[in-house]
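Engineer: Next come the chains, spelled out residue by residue.
Protein chains: 2
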Amino acid sequence: MSKAQKVLIAGAWRDSDASGTFEPNNPSTREPTGELYPVSSLDEATEAVEAAAVASEQLQAFYPDGVANFLETFADRIEARADELVAMANTESGLPAPTRLAAIELPRTTGQLRQAAAAARGRTWSLPTIDTASNIRSMYSAIEGGVAVFGPNNFPFAFNSVAGGDFAAALGAGCPVIGKANSSHPGTSRLLAEEALEALKATGLPLATVQLIYRTSHDVGEKLVSDPKIGATGYTGSRAAGLALKAAADVAGKPIYLELSSINPVYILPGALAERSEAIADEFGTSCLMGTGQFCTNPGIVVLQKGPSTDEFMGQVKERFDAAPVGTLLAEGVESGMSRSVATLQQAGAELLTGGSAGAGTGFSYSNTLLTVSGAQFLQDPESLQTEAFGNESLFIVVDDLDQGCEVARHFEGNLTGCVYTDSGGSDDGAYDRIAPLLRRKVGRLLNDKMPTGVAVVPSMNHGGPYPATGHPGFTAVGIPASMLRFGMLACYDNVRDDRLPVELRDVNPGGVARLVDGGWSTGDVSV
Amino acid sequence: MSKAQKVLIAGAWRDSDASGTFEPNNPSTREPTGELYPVSSLDEATEAVEAAAVASEQLQAFYPDGVANFLETFADRIEARADELVAMANTESGLPAPTRLAAIELPRTTGQLRQAAAAARGRTWSLPTIDTASNIRSMYSAIEGGVAVFGPNNFPFAFNSVAGGDFAAALGAGCPVIGKANSSHPGTSRLLAEEALEALKATGLPLATVQLIYRTSHDVGEKLVSDPKIGATGYTGSRAAGLALKAAADVAGKPIYLELSSINPVYILPGALAERSEAIADEFGTSCLMGTGQFCTNPGIVVLQKGPSTDEFMGQVKERFDAAPVGTLLAEGVESGMSRSVATLQQAGAELLTGGSAGAGTGFSYSNTLLTVSGAQFLQDPESLQTEAFGNESLFIVVDDLDQGCEVARHFEGNLTGCVYTDSGGSDDGAYDRIAPLLRRKVGRLLNDKMPTGVAVVPSMNHGGPYPATGHPGFTAVGIPASMLRFGMLACYDNVRDDRLPVELRDVNPGGVARLVDGGWSTGDVSV
Numbered sequence: 018m019s020k021a022q023k024v025l026i027a028g029a030w031r032d033s034d035a036s037g038t039f040e041p042n043n044p045s046t047r048e049p050t051g052e053l054y055p056v057s058s059l060d061e062a063t064e065a066v067e068a069a070a071v072a073s074e075q076l077q078a079f080y081p082d083g084v085a086n087f088l089e090t091f092a093d094r095i096e097a098r099a100d101e102l103v104a105m106a107n108t109e110s111g112l113p114a115p116t117r118l119a120a121i122e123l124p125r126t127t128g129q130l131r132q133a134a135a136a137a138r139g140r141t142w143s144l145p146t147i148d149t150a151s152n153i154r155s156m157y158s159a160i161e162g163g164v165a166v167f168g169p170n171n172f173p174f175a176f177n178s179v180a181g182g183d184f185a186a187a188l189g190a191g192c193p194v195i196g197k198a199n200s201s202h203p204g205t206s207r208l209l210a211e212e213a214l215e216a217l218k219a220t221g222l223p224l225a226t227v228q229l230i231y232r233t234s235h236d237v238g239e240k241l242v243s244d245p246k247i248g249a250t251g252y253t254g255s256r257a258a259g260l261a262l263k264a265a266a267d268v269a270g271k272p273i274y275l276e277l278s279s280i281n282p283v284y285i286l287p288g289a290l291a292e293r294s295e296a297i298a299d300e301f302g303t304s305c306l307m308g309t310g311q312f313c314t315n316p317g318i319v320v321l322q323k324g325p326s327t328d329e330f331m332g333q334v335k336e337r338f339d340a341a342p343v344g345t346l347l348a349e350g351v352e353s354g355m356s357r358s359v360a361t362l363q364q365a366g367a368e369l370l371t372g373g374s375a376g377a378g379t380g381f382s383y384s385n386t387l388l389t390v391s392g393a394q395f396l397q398d399p400e401s402l403q404t405e406a407f408g409n410e411s412l413f414i415v416v417d418d419l420d421q422g423c424e425v426a427r428h429f430e431g432n433l434t435g436c437v438y439t440d441s442g443g444s445d446d447g448a449y450d451r452i453a454p455l456l457r458r459k460v461g462r463l464l465n466d467k468m469p470t471g472v473a474v475v476p477s478m479n480h481g482g483p484y485p486a487t488g489h490p491g492f493t494a495v496g497i498p499a500s501m502l503r504f505g506m507l508a509c510y511d512n513v514r515d516d517r518l519p520v521e522l523r524d525v526n527p528g529g530v531a532r533l534v535d536g537g538w539s540t541g542d543v544s545v
Numbered sequence: 018m019s020k021a022q023k024v025l026i027a028g029a030w031r032d033s034d035a036s037g038t039f040e041p042n043n044p045s046t047r048e049p050t051g052e053l054y055p056v057s058s059l060d061e062a063t064e065a066v067e068a069a070a071v072a073s074e075q076l077q078a079f080y081p082d083g084v085a086n087f088l089e090t091f092a093d094r095i096e097a098r099a100d101e102l103v104a105m106a107n108t109e110s111g112l113p114a115p116t117r118l119a120a121i122e123l124p125r126t127t128g129q130l131r132q133a134a135a136a137a138r139g140r141t142w143s144l145p146t147i148d149t150a151s152n153i154r155s156m157y158s159a160i161e162g163g164v165a166v167f168g169p170n171n172f173p174f175a176f177n178s179v180a181g182g183d184f185a186a187a188l189g190a191g192c193p194v195i196g197k198a199n200s201s202h203p204g205t206s207r208l209l210a211e212e213a214l215e216a217l218k219a220t221g222l223p224l225a226t227v228q229l230i231y232r233t234s235h236d237v238g239e240k241l242v243s244d245p246k247i248g249a250t251g252y253t254g255s256r257a258a259g260l261a262l263k264a265a266a267d268v269a270g271k272p273i274y275l276e277l278s279s280i281n282p283v284y285i286l287p288g289a290l291a292e293r294s295e296a297i298a299d300e301f302g303t304s305c306l307m308g309t310g311q312f313c314t315n316p317g318i319v320v321l322q323k324g325p326s327t328d329e330f331m332g333q334v335k336e337r338f339d340a341a342p343v344g345t346l347l348a349e350g351v352e353s354g355m356s357r358s359v360a361t362l363q364q365a366g367a368e369l370l371t372g373g374s375a376g377a378g379t380g381f382s383y384s385n386t387l388l389t390v391s392g393a394q395f396l397q398d399p400e401s402l403q404t405e406a407f408g409n410e411s412l413f414i415v416v417d418d419l420d421q422g423c424e425v426a427r428h429f430e431g432n433l434t435g436c437v438y439t440d441s442g443g444s445d446d447g448a449y450d451r452i453a454p455l456l457r458r459k460v461g462r463l464l465n466d467k468m469p470t471g472v473a474v475v476p477s478m479n480h481g482g483p484y485p486a487t488g489h490p491g492f493t494a495v496g497i498p499a500s501m502l503r504f505g506m507l508a509c510y511d512n513v514r515d516d517r518l519p520v521e522l523r524d525v526n527p528g529g530v531a532r533l534v535d536g537g538w539s540t541g542d543v544s545v
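Sequence lines, in order, name chains A and B. Start counting the first sequence at 18; every next residue gets the next number (the working numbering). Start counting the second sequence at 18; every next residue gets the next number (the working numbering).
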C-alpha cells in the first residue's frame with residue numbers, strides 16, 4: 018500500500034498524525050483510485066483551528082486588497098492547471114470531463130472566486146450604514162476565527178471545501194478556511210489546496226489562511242465545529258451528518274450553515290399539461306436525469322391532478338426515462354442510498370412506474386426511476402413520502418383536485434426550490450393564486466414554468482430555504498455578495514473617530530461605495 | 018384571592034386553562050401588586066401557536082399597508098392611555114414614572130412601532146435584488162408562522178413582548194406575535210395587549226395577530242419555541258433561561274434570537290485618565306448607576322493600567338458611588354442575583370472597594386458596588402470574573418501594562434458593547450491600535466470616548482454581538498430596518514411572471530424603492 022497523502026496544516030504539507038486511512042474509489046470502475054488518504058485526529062483538527070484563529074487576527078491587515086489578490090491569483094492558478102484538475106475530478110467523481118467539469122464547473126468555480134474578490138474590494142457585501150446625527154455607523158465584517166468547510170460529493174470544484182462557493186464566501190468576507198475534503202474527491206481537493214498555498218505565498222498572505230484535511234471521525238468533526246476558537250462552519254451534504262454537526266455547533270453557540278436534502282416539488286397545473294405536455298416532459302426528463310440526478314435542486318416530487326392528461330404525461334416521462342442512458346453515480350453510498358430510499362417510498366405506498374434496480378449502468382449506478390402515489394396516500398404518511406432519493410429518481414403525486422393539491426403543499430417540509438407550471442392562456446391562474454402563496458414560504462426559490470436544476474451565480478440567487486433544507490431560512494449558499502453575509506458579524510461603531518473607522522464608513526467615500534446614510538442609499542460623501 | 022387575569026388567545030380575552038397562578042410584586046414596597054396571573058398550560062400555548070399559524074397565512078394579504086396601519090393605530094392608542102400605562106409600569110417595575118417611563122421609554126416604544134410601520138410600507142428592510150439577464154429576483158419577506166416574544170424585566174414598554182422592539186420588528190416583517198409577558202410586569206403587558214386587540218379590530222387585521230400569555234413552565238416554554246408551527250422566537254433575558262430555550266429551538270430547526278447577558282468592557286487608557294479623570298468618573302458613575310444599573314449595556318468591567326492615576330480614578334468613582342442614592346431593583350430575583358454574583362466575583366479573587374450589601378435602599382435594592390482585581394488574577398479565572406452582576410455594580414481590572422491589557426481582551430466572551438477611552442492629544446493612539454482590533458470582534462458595538470448605556474434606535478445601531486451576548490453575531494435586536502431581518506426569510510423568484518411578483522420586485526418601481534439591480538443600487542424601473 019502506498020503512503021498516505023499529506024495534509025495541509027498551518028502553511029505546510031506534512032504527514033498526518035493519522036488515526037486511520039481510506040481509499041477513494043473511481044465510481045466508473047468501482048475500483049480504488051490507487052491513492053491513500055489519512056483520517057485526521059482530534060489533535061490535528063485542533064491544531065488547524067488554532068492556526069486559523071491566528072491567521073484570522075492577522076488577515077484583518079490584508080483585507081480587502083490582499084485577500085482579493087489571493088482569490089484572483091488562486092483562480093488563475095486553477096485555470097493554469099485545469100487539465101490535471103479535470104482529469105482527477107473525473108476519475109474521482111465519474112462526472113463527464115469535457116461537458117460538465119471543464120466546460121461548466123471549473124469556470125463557475127473560478128468565476129465565484131473572482132466575484133468574491135470583487136465583492137471584497139468593492140465592499141458590496143458589507144452594507145455600510147451611517148446615521149449622521151448620532152454618529153453611529155455599522156457594516157458587516159469578518160467574524161473571529163476560521164471557517165470550517167465541509168464540501169459535498171456532487172460538485173468536486175464548485176462546492177469544493179478549498180475552492181468552492183463556501184470557500185469563496187468565507188475568504189471574501191475575510192475569514193481563513195479549514196477545508197474538510199469530501200471523501201469521494203480528496204485528490205481533487207489536494208490539487209486545489211496545492212494551488213491555494215502557492216497563491217498565498219505569491220500574495221503574501223498568512224499561510225494558514227487555507228488548510229486541508231480529508232476525513233475525521235464523527236466525534237472529531239463535532240469537536241471541530243464547536244471548538245471555542247472556530248468562527249463558523251459551512252456544510253453541504255447529507256441530512257444525518259449535517260444535523261449531528263449542527264447539534265454540536267449549536268450547543269457551543271457557533272454559527273453553522275447547512276445545505277441539506279431537498280426534494281424540490283414541482284406543480285404542473287392542468288392547463289399547462291393541456292398546452293404543452295410533451296415539452297414539459299422533455300424539460301422534466303432533462304432536469305431530473307442531468308448529472309444522474311445528483312443535484313441539490315433535482316425535482317424529486319411532481320404534483321399532478323388526476324385525469325387522462327396526467328396519465329398521458331406520466332407515460333411520456335416514462336418513455337424518456339426508459340430511453341435515456343443510465344448515468345454513473347458518485348459513490349457506492351449514493352447507489353445504496355437510492356436502493357434504501359426507493360424501498361422506503363414503496364413501503365409508504367408509492368408504486369414503481371419504471372426503474373428500481375441498482376447497478377443498471379456503468380460503475381456505481383441505479384436505473385432511471387419513477388414512482389407514483391395518490392394525494393390521499395401522501396397525506397397519510399407525508400414524512401416517509403418525502404424521503405430524498407439522491408439521484409435519478411422522482412415521485413409523482415397524483416391529487417384528486419386543487420384542494421388536495423393545496424393540502425399537499427401545506428405538508429411539505431422546507432425545500433430549496435418549488436416550481437409551478439401554468440398555461441399561457443390564464444386558465445391556471447386561479448389555481449396558481451392558491452398554490453403559490455403556500456409553496457412560497459416552504460421554499461427558498463419559487464420558479465414559474467422552469468425546472469429547478471440551474472443555479473445561476475447571481476446576487477439575487479437563493480440557494481437556501483426553510484429547515485430542514487438548510488439550518489436558517491435567511492441565508493443563501495450561492496450568490497455573491499449575499500452568501501458572504503454568513504461569515505460576517507454586524508460591526509457597529511459608535512462615536513468612533515473618523516480616521517479609526519474602516520474606509521467604507523468614513524465621511525469621505527472616494528470609492529463610491531453604496532451606503533445607507535440617514536435612511537437613504539447614497540454613493541457620496543457624508544457631511545457632518 | 019382575586020380571580021386570575023384573562024389571557025388573549027386567538028382574538029379573545031378568556032379565562033386561562035391555567036396550570037397555576039402567580040402574583041407580581043411592587044419592587045418599591047416588596048409587596049404583591051394585588052393582581053393574580055395564570056400560568057398557561059401546554060394546550061393553551063399550542064392553541065396560540067396554531068392560531069398564529071393561521072394568522073400568518075392570512076396576514077400576507079394585509080401586508081404591508083394593513084400591518085402598517087395597525088402598528089400606527091396601536092402607537093396612537095398607547096399614547097392615549099399613557100397615564101394608566103405609566104402608573105402600572107411604575108407599580109410593577111419601580112422605574113421612575115415621569116423621568117424614565119413617561120419621558121423616555123414610552124415615546125421610544127411608540128417611535129419603534131411607527132418606524133416599523135414606515136419600514137414595512139417603504140420596503141426599506143427587504144433588500145430587493147434583481148438580476149435582469151437571468152430574470153431572478155429576491156427579497157426578504159415574512160417567515161411562516163408566528164413569532165414568540167419573551168420580553169425582559171428591565172424595559173416594561175420598549176422591550177415589552179407585545180409592544181417592544183422584537184414585537185415591532187416581527188410585526189413590521191409581517192409576522193403575528195405570541196407575547197410571553199415578563200412575569201415582573203404582567204399588568205403592563207395586559208394593558209398593552211388590550212390596546213393591540215382594539216387596534217387589530219380597528220384596522221381589520223386577523224385578531225390572532227397579537228396574543229398574550231403571562232408565564233409557562235420551563236417545559237412548556239421549550240415546547241412553544243420548538244413547535245413545528247412556530248416561525249421563530251425573540252428572547253431577551255437571563256442566560257440560563259435563554260440557553261434552555263435555544264437548545265429546544267435548535268433541535269427543531271427553529272430560528273431563535275437571544276439577547277443575553279453582557280458585561281460591556283470599558284478600556285480607559287492612561288492618556289485619557291491624565292487628561293480628564295474627573296470627567297470620565299462622572300460619565301462612568303452616571304452610566305453605571307442609571308436605572309440602578311439594570312441595562313443590558315451597563316459597563317460591568319473597566320480595564321485600567323496600574324499607577325497613581327488609576328488609584329486616583331478609582332477613588333473618584335468610589336466617591337460618586339458612595340454619594341449616589343441607592344436605586345430600587347426590578348425584582349426580588351435581581352437583588353438576590355446581585356448578592357450571588359458579587360459573592361462569585363469575590364470568591365474568584367475580586368476585592369470589594371465599596372458596597373456589597375443587599376437591601377440598602379428602598380424596596381428591592383443592593384448598595385452601589387465596586388470591586389477590583391488585578392489583570393494577572395483575571396487571567397487566572399476569566400470565566401468567573403466575567404460573571405454578570407445585573408444591577409448597580411462594576412469591576413475594575415487593573416492590568417500591569419498594555420500587553421496584559423491585550424491579553425485580557427483576548428479572554429473576553431462575546432459582548433454587546435466595548436469602549437475605549439483615549440486622550441485627545443494622541444498619546445494613547447498606539448495602544449488604541451492594539452486594543453481596538455481585538456475588542457472589535459468581541460463586541461457588537463465599539464465605542465470611543467463614550468459610555469455604552471445609550472442605545473439609539475437608528476438603522477446603524479447594533480444591539481447584538483458574538484455569543485454568548487446573543488445567539489448569532491449577524492443580527493441586532495434594536496434598530497429598524499435591520500432588526501426586522503431576524504423575522505424574514507430570503508425569498509427568491511426565478512422566471513416568475515411580472516404580475517405575480519411582490520410589488521417591490523416588479524419591473525416598474527413607482528414607489529422608488531432602493532433595489533440592487535444587476536449589482537448596483539437603483540430607485541428606478543427595470544427595463545428587460
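Treat the hints with care, as some may be off.
Intra- or inter-copy, both count: the list cannot distinguish identical chains.
[What the hints assert, rightly or not] Restricting the straight-line Cα-Cα distance to at most 20 Å, the calculated cross-link-like pairs of lysine to aspartate or glutamate (EDC-like) are:
1. K23 <-> D82
2. K20 <-> E48
3. K240 <-> E67
4. K23 <-> D417
5. K323 <-> E292
6. K20 <-> D93
7. K335 <-> E300
8. K335 <-> D93
Worth flagging that the hints you see were computed from the coordinates, not collected in a lab.
Engineer: Is it within, between, both or neither when you check K323 against E292 at 20 Å Cα-Cα?
Structural biologist: So K323 and E292 pass the 20 Å test inside one copy only (16 Å; across, 83 Å).
Engineer: Please work out whether the CA atoms of K20 and E48 approach to 20 Å or closer within one copy, between two copies, in both situations, or in neither?
Structural biologist: within (18 Å within a copy, 76 Å between copies)
Engineer: When no copy is specified for K23 and D417, does a C-alpha distance of 20 Å or less occur within a copy, between copies, both, or neither?
Structural biologist: Neither, since 59 Å and 44 Å both go past 20 Å.
Engineer: Between the shortest in-copy and the shortest cross-copy C-alpha distance, which are at most 20 Å for K20 and D93: within, between, both, or neither?
Structural biologist: neither (30 Å within a copy, 75 Å between copies)
Engineer: Evaluate K335 and D93 at a C-alpha cut-off of 20 Å and name the case that applies: within, between, both or neither.
Structural biologist: Neither: 44 Å inside a copy, 62 Å across copies.
Engineer: Give the relationship of K335 and E300 under a CA distance limit of 20 Å: within one copy only, between copies only, both, or neither.
Structural biologist: Close inside one copy (13 Å), not across copies (77 Å); limit 20 Å.
Engineer: At most 20 Å between alpha carbons: which applies to K23 and D82, within, between, both or neither?
Structural biologist: Close neither inside one copy (30 Å) nor across copies (61 Å); limit 20 Å.
Engineer: 20 Å Cα cut-off: does K240 pair with E67 within a copy, between copies, both or neither?
Structural biologist: within (13 Å within a copy, 38 Å between copies)
The structure shown violates the earlier hints numbered 1, 4, 6, 8.
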